[in-house]
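J.: The sequence shown begins at 15 in this note's numbering and counts up by one.
Keep in mind the hints are simulated off the structure, nothing from the lab. There may be inaccurate statements among the hints.
[Unchecked claim] In the EDC-like style, the derived pairs of lysine to aspartate or glutamate whose C-alpha atoms are separated by at most 20 angstroms in a straight line are:
no.	residue 1	residue 2
1	Lys167	Glu67
2	Lys167	Asp149
3	Lys159	Glu18
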Amino acid sequence: MFYENERWFAFLTAPYHTRGHAIIAERPCGSVCPRVDRRGWGDLSCFGATLGEVATTLTRHYGPKDILFSSLRGDVTHFHVHLLPLWADEEDSWREGKGDSYKRGHLMEFLGNLERQANEEAEHERRTRQITEDDQRREISETLKPQVEELRKVSGYSDAQQNNPADG
Numbered sequence: 015m016f017y018e019n020e021r022w023f024a025f026l027t028a029p030y031h032t033r034g035h036a037i038i039a040e041r042p043c044g045s046v047c048p049r050v051d052r053r054g055w056g057d058l059s060c061f062g063a064t065l066g067e068v069a070t071t072l073t074r075h076y077g078p079k080d081i082l083f084s085s086l087r088g089d090v091t092h093f094h095v096h097l098l099p100l101w102a103d104e105e106d107s108w109r110e111g112k113g114d115s116y117k118r119g120h121l122m123e124f125l126g127n128l129e130r131q132a133n134e135e136a137e138h139e140r141r142t143r144q145i146t147e148d149d150q151r152r153e154i155s156e157t158l159k160p161q162v163e164e165l166r167k168v169s170g171y172s173d174a175q176q177n178n179p180a181d182g
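My request is simple: use the sequences and hints to build the entire structure.
T.: Written out as structure tokens, the structure reads:
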């Protein structure tokens, strides 16, 4: 975890997914469902400044071309948002021509390919090294520690906040 406030926390996901992929989730004390209109546009004001602060932290540290905000809930029963850095060298995969318009089909295909590739690489590594998913998660956590420490510095998040017993 590299960012936290009274309501939200942010953490990095596995390094083989995409560099800088972060998730913002609500702390367990409550739940929230943002409003979404018929076109799919959501009211993310429930995040307050959190979304912008985490996106700024990722941009300052990693320097992506753009950041995609997405809520790909699937089977998860709580609301959370993925922040997916989009890299200049991958731009042809997700941008339509010039400007800021995204090819919806291409972007979803790009994200699906990232997830599929990540899952295949993780499974291949487990089979090759004969390790369990739990062991692999522990190794990934150790691998991410230096990045998390750097992101904490950039975001101003401290260990004192993390170890606050009042946080439950």
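J.: Take the hints in turn and mark each one as holding or not.
T.: Here is how each hint holds up against the structure:
For the given pair, Lys167 sits about 13 angstroms from Glu67 by alpha-carbon distance, which is consistent with the 20 angstroms threshold. Between Lys167 and Asp149 the CA atoms are separated by roughly 28 angstroms; this puts the pair beyond 20 angstroms, and the hint is violated. Of the supplied pair hints, the one linking Lys159 and Glu18 holds, its CA atoms being roughly 16 angstroms apart against a limit of 20 angstroms.
In terms of the numbered hints stated before, the structure departs from hint 2 and from no other.
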